[in-house]
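Let the hints inform the model, and build the full structure from the sequences given.
The opening position of the first sequence corresponds to residue 1 in the working numbering, with each subsequent residue numbered one higher.
Hints are computed from structural coordinates only; laboratory data are not their basis.
Quantities reported herein were computed from a predicted structural model and do not represent experimental measurements.
Idealized CB from N, CA, C, for every residue including glycine.
If a hint is listed, it holds; no wrong ones were tucked in.
The calculated lysine to any residue pairs, modelled on SDA-like cross-linking and capped at a C-alpha distance of 25 Å, are:
#: 1; residue 1: K64; residue 2: G75
#: 2; residue 1: K37; residue 2: W346
#: 3; residue 1: K368; residue 2: V317
#: 4; residue 1: K158; residue 2: G99
#: 5; residue 1: K77; residue 2: Q182
#: 6; residue 1: K37; residue 2: E61
#: 7; residue 1: K424; residue 2: T414
Derived CB-CB ranges, DEER-like:
#: 8; residue 1: K158; residue 2: L325; range: 44 to 54 Å
#: 9; residue 1: D421; residue 2: Y80; range: 43 to 53 Å
#: 10; residue 1: K91; residue 2: E39; range: 36 to 46 Å
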Amino acid sequence: MATEALLIMTKQDDGFVKEITSKEEDFSRWYVDVIRKAELADYSSIKGCMVIKPYGYELWENIKNDLDNKIKDTGHKNAYFPLFVPESLLKKEAEHVEGFAPEVAWITHGGDDELEERIAIRPTSEAIIGDTFSQWIESWRDLPLLINQWANVVRWEKVTRLFLRTREFLWQEGHTAHATQQEAEEETMKMLGVYQELCEKVLAMPVIPGRKTENQKFPGALHTYTVEALMSNGWALQAGTSHNLGQHFARVFDIQYLDQNQEQQYVWQTSWGVSTRLVGGVIMTHGDDSGLILPPAIAPLHAVIVPILFDKTRDIVLEKVDQLLNTLSGKIRVEADTRDEYTPGWKFNEWEMKGVPVRIEVGPRDVKNQQVVLVRRDNREKIIVKENNLLDEIQKNLEDIQSGLFQKALDFRTENTYEVDNFKDFEDIMAGGRGFIYANWCGSSECEDEVQNLTKATIRCIPLEGYKPTGECVHCSKEGKYKVYFAKAY
RNA sequence: CGGGGCGUGGCGCAGUCCGGCUAGCGCGCAUGCUUUGGGAGCAUGAAGUCGGAGGUUCAAAUCCUCUCGCCCCGACCA
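If you want it as structure tokens, here you go:
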């Protein structure tokens, strides 16, 4: 039956929407325009914080729900810990406080009374959860302890960007405790894998999994692992991190258990998180000059039905729309835009800005022929589909869009990843279109800093695969220790 | 936090240099009629005190001081 689908070429008149700055003209502005026109978020009266609007929140909820299932499927339980962290707790792990000190928001008063001890608004929850774990864990039988929390955190950032860096953001933070270092390392890697799957299968955003350098690891961690994505302006985005905390927090929070040999042992911990930043990643990975393009797996709406209304045929078209809505509801996320105050053309642009994967046009001609016109957001292809075949055809296209978006993003990343063996080429790339630079590195932090000062590029990660050096350090020409990915990062 | 730019109905702007009557324009919004296969047309209407505070002046969106916020570029971060 799929052969009945007819392909029609679309006029590619550019500039359907003039209210979005083009990516090429000004990427930052494009990004903000898309967020506002797609009604994902608004600026608020409090500096550095945004209001996530219903459409944007639905998008986040879809990401969240998918990830929540994955977290539960891997044996974790959700819990909730306090927003506040007493200063004394936060200070226990020295490297940890030092890392977060510049961006902690402090509470100094309760009502008019000054507090005896300042209280931090959590920038992350290692401290408060470590403190709790020390009370929960007594025996090897209590391990592993696998906890996740969905929460808001506050980091007093100086420079903010919608979704990518706001002073308050929503996230998920997993915190686990294990009997052995090996188990902790396995957990860290397992959750990194979960993040990779979320990014690639659900958000259609290809990522490179790897380990952070000493310079870039989480304050207080033994190792930090990351999934790094490449945005369509050639900048990298850290999409998620997973930390092996070793025993650093266990020692300062005294998280001990009695092992099978009657001996006290410190636990080995992990923590891992992704945030509303992922929404920014989706926008910048897939969006175009007409607005958002959403992967079907997380799109608040899979399809929108736009009726084409004329006086004489109004009733039969609306009736048909109702009928289609009944057939599709519950099977896909679908809505009909029957508003009378907008023309069809206006609605086409509106729903394209919002990134709805598939549009279904129904006019009198279609009713007569028992068909509809299906239009894909990703490539604007118009397909005439017989009514009785509609659900199949939509589902087929949704799957195709989901995999197509991933492939397109992957191709973009491949085209914008440069394997480089001399620093001149490195500088040229960073001064031009940017992208990932895959090059040998000597392993020294000083050398890494110098590269950053000269080019703005940082080492995004030492990849899990293909990290073996193939020559001398791209900058200092000493013996290569790893082959790593460099990029300018958000 | 340093450098630069900008704050005028919901949004985008003009007016500011060179103070002067009721602060304009486009979009949007409301109402009505005509429309509707890629952001329709006409008519009528509502809405701003010029980011905020203080000052100079007969008179301030406009000049001065302070302050708050946003954007861009640098130093730091999910």
